[in-house]
Amino acid sequence: MTRQGEYSSDKRREPALSLLAGPIAWLACFAIVYLITGTGCTLDYAHTNISGVNTLRLLASSAALVAAILAAWSAFTAMQKRRSLQRTVVTVSELPMRQRQEFVHFAGFILSLISLVGILWLGATVILNPIC
Amino acid sequence: MALLMRTQLIVPDNNLIGHQLYNELFTMHGTTMLFLFAVPMVEGVAIYLLPSMLGTRDLAFPRLSAFGYWCFLFGGILLYSSFLFAMVPDAGWTMYTPLSDREFSPGQGVDFWLLGITLVEVGSVTAAAEIAVSILKTRAPGMSLNRMPLFAWYMLVVAFMILFGFPPLILGDALLEIQRSFDWPFFDPTRGGDPLLWQHLFWIFGHPEVYIIFLPAAGFVSTMIATFCQRPTVGYAWLVVSAVGTGFVSFGLWVHHMFATGIPLISMSLFSAASMTVAIFAGIQVFAWLATLWLGKPVLKTPMLFVCGFIFTFVAGGLTGVMLASIPFDWQAHSSYFLVAHFHYVLIGGMVFPLFGAFYYWFPLFSGRMLSERLGQWNFWLLFTGFNVAFFPMHVSGLKGMPRRVYTYPEGTWEWENLISTLGAYLIGLSVLLFIFNVVYSMRKGAAAGRNPWRAGTLEWATPLPTPHYNHRSIAPVDDAYPLWKDPELYTRIERGDFMLADAVRGQRLMPAVHPVSGEFEFVVVQAKPDVRPLAAAIAATLAMVGFLTRMYWLCALAAGGFLVITLWWLWALPQADKGLRDAVERATGFVTGAGTKQAFGWWGTCIGLGAGASITASLFFACFYLWSTSGPWPPYSGTLLQPGLIWISTAALAFSSVSIAIGQRFPSRSMMLGTGLALAVVAALVHLFAQLKLLRDSGLPPREHVYNALIYTISGYQLLHVLIGLAMVGFTLAWLIARKHDHVRGLIAANTAVFWHYMVVVGLATNAALYFWAGLA
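Residue numbers (the working numbering), protein chains in the order written: chain H, 395 to 526; chain E, 590 to 1367.
In case anyone wonders, no lab produced these hints; they're calculated from the structure.
Just so you know, not all the hints are guaranteed correct.
[Unchecked claim] Derived DEER-like restraints, expressed as beta-carbon distance ranges: (1) H:LEU459 - E:TRP1161: 36 to 44 Å; (2) E:ALA1177 - H:THR471: 43 to 51 Å; (3) E:ALA1203 - H:PRO524: 33 to 41 Å; (4) H:ARG492 - E:PRO1057: 35 to 43 Å; (5) E:GLY1018 - H:GLU488: 42 to 50 Å; (6) H:SER487 - E:LEU1354: 45 to 53 Å; (7) H:ALA422 - E:THR1265: 20 to 28 Å; (8) E:ASP1087 - H:LEU459: 54 to 62 Å; (9) H:PRO524 - E:ARG1293: 36 to 44 Å; (10) H:ARG492 - E:ALA1203: 34 to 42 Å.
Where a beta carbon is used, it is the ideal one built from N, C-alpha and C, also for glycine.
Please work from the sequences and hints to get the whole structure.
So this is what it looks like as structure tokens:
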């Protein structure tokens, strides 16, 4: 298969799914918070407390906090990787791979950042509103 | 239909068409525009455009495209045949229960809707799987993710949204049809059901649907705006981020259609917050387009006029959307004409304007001619004026209290607003007539398009016009998002056959497969030729629906069996399985014709298809959870109704079958071991089947009595359906092994069977966990 190499020289790959880490954290947070509050209100757990704090509020805001940390970590990691890429010198043949990786990390960074805002916004509704 | 409705509303107390026909018209209008126009149109355009835009020859599964097309067509015909039998659905395009129950909709109109739309949804999901796999796997070599055309990015996101968004409604349709046909009370509150479950299932589909319609149009706009500004769209990565972000957030908005249903305040607040988050992504896109206009030198040809109309209209609709995301405002405006105005601004502004623009822009690809510019400008201005005259006054009538879906209104209320709206609607009708005339006229007498008439940068213009069926004579490697701008001679070189697969093996359809991220070339694919099997499978699926509709369940079973046989026959003739053909292609082209299992299109198709299956499963368990939490005592009886011992036997058999298949899979080169693993799995599955059926029979629970019983039969039946499909797949794989068609390097058939089987076992374990939990509660 002599011609194979003409069209397939770029063997290095990177995990493009890291691009989705932020939105996945947002979606998981949204689903868990909705599940906790929706079920808790329907099954009449609105007035149960743990150490004086409303149980549903505690659970939901904890979930939001964990998701926020994950999104922030994902944004930070993506930014670090992008910076480290920008500091390395590449040859012309490595340029396409470098551009691709930069794209993935930049998009991942922005998505994680916006997801973090979305999670904090979601968390604020849990903290500031009456639970049921 | 819309013009008839508007004519009915032109004056107060009008009785031109009467309330029944009005109900039928608004039901069919909404259904047609959402299911039979918007989604098929964007998927159809994508299926037409993507291969040439991605620099290749075809999509991954051409026969699946055909199957999806026939399902769309037959589903639409089934739905519209309700007019012939005077059984037109009249419960609104949302089919809310209890209005759509048999008690309040006693005819068969709703059944026509449920079964016809289910077939259309099957077509949508298959097309989405086709589009997703194709964008990931069938691009020109070198077209990495960061060089993919923006339209392809948008369609990739939309395809996944369809795959996860449509299945909840497919489940909802099935549950409602079962309730209507067999009186199982999923939505009947007197027997433990809940009508709000329908709204949840409908809107989990319905809200993403809005973005499923909008995002492809945003892809059109991002493509056209670059061409008419003669520069790359500003913020490529930002637009990709917006598309992906919108795809995710759109699944967290559905309850904002249910603010008036009495759900807990905190739930409403969560969805209100998410509804506002989505505005961030919409805002990013609008600013990227405006920046492109600002930095380029826009030429106001007809497509560009439609882009400008889109930006104006969509922003207006988006702003009223943010207003409606506010709970108190939504309560005020709910079910009023304000809402009608909002969603028409979003849907017509967000989809119809760009679609018209896209038609003007890409018309030369399939006709070789240009549409008339003068008629096009008239078309735009009539549509833009007509649209705003028709829909802007609805904001006013809505705020003044006019409810939607009323066939008339009394004097002294909203006469002027309705009169103006109707006149605007006539203008829209006139603009559409002008467009049709322009198409007919230009097909015959339009100016010849020549080569790349708009001086665009993307690869669909690197072909002779009209585009030949094979798209590109040779497949050029790509190293830029706008290859034709980077290398203006690319067209000539492609046509001269300078690149790969210039001289295909006689009578064969060859195209490259690439790595999904890097776009690195992997192997050459021998594609299937035109085939009658997709049509036969779609006919069988339609007959199954007709059997259900006419209550001839024998026809339903027969057609389902026929569908299974046709599908297996279809798979048996995979061209990739023909070793002689593959060898011939490899000798002639110098490229390999396959790689490992996980590079194969079929593997990706199966995994993505299972994603859609997982969405139905998740929706079913959501329904179980929802009904458990809302229906009072659960179960409604005391004492042990389900035997835990049988549940354990069934679970153990399932787990064993999965292990058996996994062990067989570890020896792909030894057909005997593989076959033994499959055979043992069959035995275990039969034990599981027997235990599950005995469990149901011994429980003696009448499914009509309470939703608890109905759900036990439903989740068990759903699991048993999976087992039957799994058994058919294993039988097929065994036959494949016996016929010595198994290729241990690729081993695709066995691998797909294994992955489905493991998925089926996961569904079974979840089912048994639910049954065991419910048995424990008793």
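List of violated hint numbers, smallest to largest: Numbers 1, 5, 7, in rising order.
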